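Chain by chain, the residues run as shown.
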Amino acid sequence: MFGEKVIELLKEAERNRDTIDQYNDEKVRQIIEEMHVLFKMNMADANATTENKSLWTTVQVRHSALERNKRCLLAYLYSRMNKIKTLRWEFGSVLPPDVRELLSDSEYEWFSKYSTNLASYMRSLGQDIGYSGIDLTENLRPPKSLYIEVLCLTDYGKLELEDGDVILLKKNSRHFLPTSECQTLIRQGILKQIM
Amino acid sequence: MGNQSNYLSISDILVTNEKVPCKFLHDLPKMGFLDPASTEDDLKTGTNVEIPLWLAESLYSRRPPLVSVDLPKIYKEAYREILNADACTVDLHKLGQHFYELGCYIAKHDIKGEVGNTLVNTFRQRFRMILSASASTDSISALQPLSDTERERTAGAASTEKALSTWLKRGDCPLSTANMVASHRKRKRAEMEML
Amino acid sequence: MDPYEIEFIGENRIVSIIPNFSHDKIFLICGEFGPFRAGLPMNVPLWLGVMLKQKQKCRIVPPDWMDIEVLENIKEEEKRSRFFTKMPNEHYMVEAKLILGAAAEDIPRASEIKTIIKDIWDIRMSKLRTSMDALMKSGGNYGRLDHLTMMEINSVKPLLPEAMDELHRIKMMARKTMPASLNNSTFSQTGGSQNI
Amino acid sequence: MDHDGIELSDEEEEITAQTVLKTLQNAWQNERLAPEILPHQNDMVECMLGQIQHMERNINKLPKTDLRASIHKMELNRIKFIICNYLKTRLDKIEKYCISILNDEKQRLESGTNYLTHSEYKYAQEYLLNMESHLKTTALNQVPGNMQTFDLNKLVIYPNLQSHVFLKANETVTGIVLEDLTGDQDEEIDLEEGSQHILQYKPIADLVKNGKVQLV
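Protein chains in written order, with full-length UniProt numbering: chain A, 1 to 195; chain B, 1 to 195; chain C, 1 to 196; chain D, 1 to 216.
It is possible that part of the hints are untrue.
Stated by the list, open to error - With a straight-line Cα cutoff of 35 Å, these simulated DSBU-like cross-link-like pairs (lysine-lysine) come out: (1) 23(B) x 83(A); (2) 118(C) x 55(C); (3) 19(B) x 192(A); (4) 53(A) x 19(B); (5) 86(C) x 192(A); (6) 169(B) x 80(D); (7) 27(A) x 169(B); (8) 76(B) x 5(A); (9) 73(D) x 85(A); (10) 86(C) x 168(D); (11) 112(B) x 79(C); (12) 114(C) x 93(D); (13) 209(D) x 158(A); (14) 108(B) x 93(D); (15) 168(D) x 186(B); (16) 162(B) x 25(C); (17) 11(A) x 44(B); (18) 11(A) x 53(A); (19) 114(C) x 162(B); (20) 53(C) x 86(C); (21) 188(B) x 5(A); (22) 188(B) x 40(A); (23) 209(D) x 73(D); (24) 79(C) x 157(C); (25) 83(A) x 44(B); (26) 22(D) x 170(A); (27) 76(B) x 94(B); (28) 19(B) x 137(C); (29) 64(D) x 22(D); (30) 75(C) x 22(D); (31) 170(A) x 55(C); (32) 169(B) x 79(C); (33) 22(D) x 114(C); (34) 23(B) x 73(B).
These aren't lab readings, by the way, just hints derived from the structure by calculation. Quick caveat: nothing in here was measured; it's all calculated off a predicted structure.
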């Protein structure tokens, strides 16, 4: 049957909605290969239609299969693009190596371009009135208190606060910090809020 | 048109991958493989075979049509009668995972034009199943007879319910790790443990 | 929206507090408040009232409706009526939760009040479920929902609007035999050799 | 810290910061709840950003432990949340409906009724270019010749204007027509001031834009 490999690929993408899987290079290659085979058969049969008119319908059927494969392939890439966007918002512009590994080279390039475009948009915000931009990855939750208590989950290193103080974030250390200055680290899983 | 049927929608691709019974009205050279029961190279006029909806639609839309599309059994009169009498007794998970979506595509092949009404009636009647499944304590058995989208809708309602009851019970909501970051951490931990 | 975002909107409501300190007027972007006179009631937005309470800078004055008798009447009325009755406050649940959470000691008979409010909420929620089902059975394309508060409206999302969307979609398809909108529609219409 | 009466460049009358904040909050709420992107409110955003800047300078003059400082900071955080969430919501729509928004926007630009800010428009164009180039390198350039087109007409995603929304009427509006799909009788309803309804977005889209109704 036509286009079955590509369906497996899509089901895979649908299954894990909260994570991104390794880019399936091998399967994508096979699908493109299948398309070339169909195309070649069509070229041959299209030339033979003068003798055998009914071959024309066969050519059309294969053409539909080609369109179908193309649609599925694009849908696969597009669903990954959406996940990669989420990676930018949640991990920031630098991906941890184990996540970076899951993307193909050209996906990583897309990630970088997306990130650059986003950064230049955010920098432009409020420029007319003398702002140097606004970081939209912050202030994502309705504010509740100015300071919160946090537990550090990894050995992160030094963090310089807006008032100039420098604190050392090491695993299992506890801190009382301005919410505005630690919300990103919380989202990135480096700190955890203690209630 | 809504989002569900856009070109890049994976769920629409999966719906259009469902098989429907067709009868071939013309010979199709070299397409014998579409009929698993046949060993011939060519597909002969009059062959009845189940093929994916996307292919069926493409063959049907030729002038003249290359196939006639028959209704899958869940849309036939026998089931329509049951559905119209009491739709809530039917296990759509077993009989039609994509009951409504596939039904919307297939409705035009119903000469009597009754599939449309059955879809509307069924949807209306079964809405209360979603309502009770989303509030049910025994959610597994309440979910069982639901179609894919009904299940998704139930999950959506249940997560609203959960967010609301958490809000009612708790004071402030702690800031938390971003969704994808957390899922990737979890997956990484699981992988580490397997080593 | 999630409940915390609705709460955020509700936090703009004005409540009355009695500060235990004195201070000049304060000029916020959302308006001016004060002057603060120790022991004298004054109005502030709910978020500020809660914040001051947490810093032990004030008592919160119970809103008029946070009273057993008033609430008993509302509860009876809500039970009796087929429709949703008008609540004393568009964000009653947010106000109740925040005030009873942060300042229960300022509210006489706080725990009874909490129970009655929860009863009212539950009555309304179960009415809401029944009306959703009725709405879908009757027509499923329009409903009037006077007196529902934003938090209550939010509790039926995304279920109700999505179900109505889906029903609409099915009706559209059922009404007209829809054209093939599959992946190859352009091809099927032209079918010429330029596509091959 | 008095700051009543800010002048907006193009407005003749002065409006207070309080009014601007209220307008922005309503715009945020509508943007969150409307299926399509709404006309931008850049004046309001910039005005609020100016207020924030002004206020932050003043806060810095106060001792850190001053009660007023905490109150002002809290208010600023609230406003920042609205602004960030509002802009982010718009970005999400711009990305999702990129092709259709750009198509519509090109026409709106001609008539001077643009919905996007200049920065958003630039962002959308760049986003589409990146998408095109990624799909081309990864797939389209490698498939057989007649399959290589990057076809905007197919890839376009439209917001579902037929989706149902909840609203509250800010003023009375009469004669909203609800399409009846099963019968032939279209229904007409009135939205009385203060009343609440659930109905399709399409017939009330303009009312959202001109402020006669508020989405809830």
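Now for the hints, and whether the structure bears them out:
Distance hint between residue 23(B) and residue 83(A) is unfulfilled; the C-alpha atoms sit about 41 Å from each other, more than 35 Å. For the proposed pair residue 118(C) and residue 55(C), the alpha carbon gap of about 28 Å is at most 35 Å, so the pair holds. Between residue 19(B) and residue 192(A), the direct Cα distance comes to roughly 49 Å. Violation of the 35 Å bound is thereby established for this hinted pair. The suggested pairing of residue 53(A) with residue 19(B) holds, with an alpha-carbon distance near 28 Å, which does not exceed 35 Å.
Distance restraint check for residue 86(C) and residue 192(A): the Cα-Cα separation of roughly 42 Å exceeds the 35 Å cut-off, and the hinted pair is therefore not satisfied. For the given pair, residue 169(B) sits about 27 Å from residue 80(D) by alpha-carbon distance, which is consistent with the 35 Å threshold. With a C-alpha separation of about 48 Å, the suggested pairing of residue 27(A) with residue 169(B) is violated against the 35 Å cut-off. Pair hint residue 76(B) plus residue 5(A) holds up; C-alpha atoms about 31 Å apart against a cutoff of 35 Å.
A distance of roughly 31 Å separates the Cα atoms of residue 73(D) and residue 85(A); the hinted pair therefore holds under the 35 Å criterion. With a C-alpha separation of about 14 Å, the suggested pair residue 86(C) and residue 168(D) falls inside the 35 Å cut-off, and the hint holds. Restraint check for residue 112(B) and residue 79(C): not satisfied, since their Cα atoms lie roughly 47 Å apart, outside the 35 Å limit. Between residue 114(C) and residue 93(D) the CA atoms are separated by roughly 40 Å; this puts the pair beyond 35 Å, and the hint is violated.
Distance check on the hinted pair: residue 209(D) and residue 158(A) sit about 48 Å apart at the alpha-carbon level, beyond 35 Å; violated. With a C-alpha separation of about 33 Å, the suggested pairing of residue 108(B) with residue 93(D) holds against the 35 Å cut-off. Between residue 168(D) and residue 186(B), the direct Cα distance comes to roughly 43 Å. Violation of the 35 Å bound is thereby established for this hinted pair. Annotation: proposed proximity of residue 162(B) to residue 25(C) is violated, straight-line Cα distance about 42 Å (limit 35 Å).
Of the supplied pair hints, the one linking residue 11(A) and residue 44(B) holds, its CA atoms being roughly 33 Å apart against a limit of 35 Å. Among the hinted pairs, residue 11(A) with residue 53(A) is inconsistent with the structure: their alpha-carbon atoms are about 38 Å apart, more than 35 Å. For a cut-off of 35 Å, the pair hint linking residue 114(C) to residue 162(B) stands: about 20 Å separates their Cα positions. Annotation: proposed proximity of residue 53(C) to residue 86(C) holds, straight-line Cα distance about 29 Å (limit 35 Å).
The suggested pairing of residue 188(B) with residue 5(A) holds, with an alpha-carbon distance near 27 Å, which does not exceed 35 Å. Between the alpha carbons of residue 188(B) and residue 40(A) the distance comes to roughly 43 Å, so the proposed pair goes past 35 Å and is violated. Restraint check: the Cα-Cα separation between residue 209(D) and residue 73(D) comes to about 32 Å, which is no more than 35 Å; the hinted pair holds. For the suggested pair residue 79(C) and residue 157(C), the alpha carbons sit about 24 Å apart, so the restraint of at most 35 Å is met.
As the CA atoms of residue 83(A) and residue 44(B) are separated by approximately 45 Å, the hinted pair breaks the 35 Å bound. Restraint check: the Cα-Cα separation between residue 22(D) and residue 170(A) comes to about 43 Å, which exceeds 35 Å; the hinted pair is violated. About 16 Å separates the Cα atoms of residue 76(B) and residue 94(B), which keeps this hinted pair within 35 Å; it holds. The straight-line distance between the Cα atoms of residue 19(B) and residue 137(C) is roughly 31 Å, inside the 35 Å bound, and the hint therefore holds.
Distance restraint check for residue 64(D) and residue 22(D): the Cα-Cα separation of roughly 29 Å lies within the 35 Å cut-off, and the hinted pair is therefore satisfied. Between residue 75(C) and residue 22(D) the alpha-carbon distance is near 33 Å, which keeps this suggested pair within the 35 Å criterion. Distance restraint check for residue 170(A) and residue 55(C): the Cα-Cα separation of roughly 30 Å lies within the 35 Å cut-off, and the hinted pair is therefore satisfied. Between the alpha carbons of residue 169(B) and residue 79(C) the distance comes to roughly 24 Å, so the proposed pair stays at or under 35 Å and holds.
At most 35 Å may separate the alpha-carbon atoms for a hinted pair to count; residue 22(D) and residue 114(C) meet this at roughly 31 Å. Only pairs whose Cα atoms come within 35 Å are accepted, and residue 23(B) paired with residue 73(B) is accepted, the gap being roughly 15 Å.
In summary, the numbered hints that this structure violates are 1, 3, 5, 7, 11, 12, 13, 15, 16, 18, 22, 25, 26.
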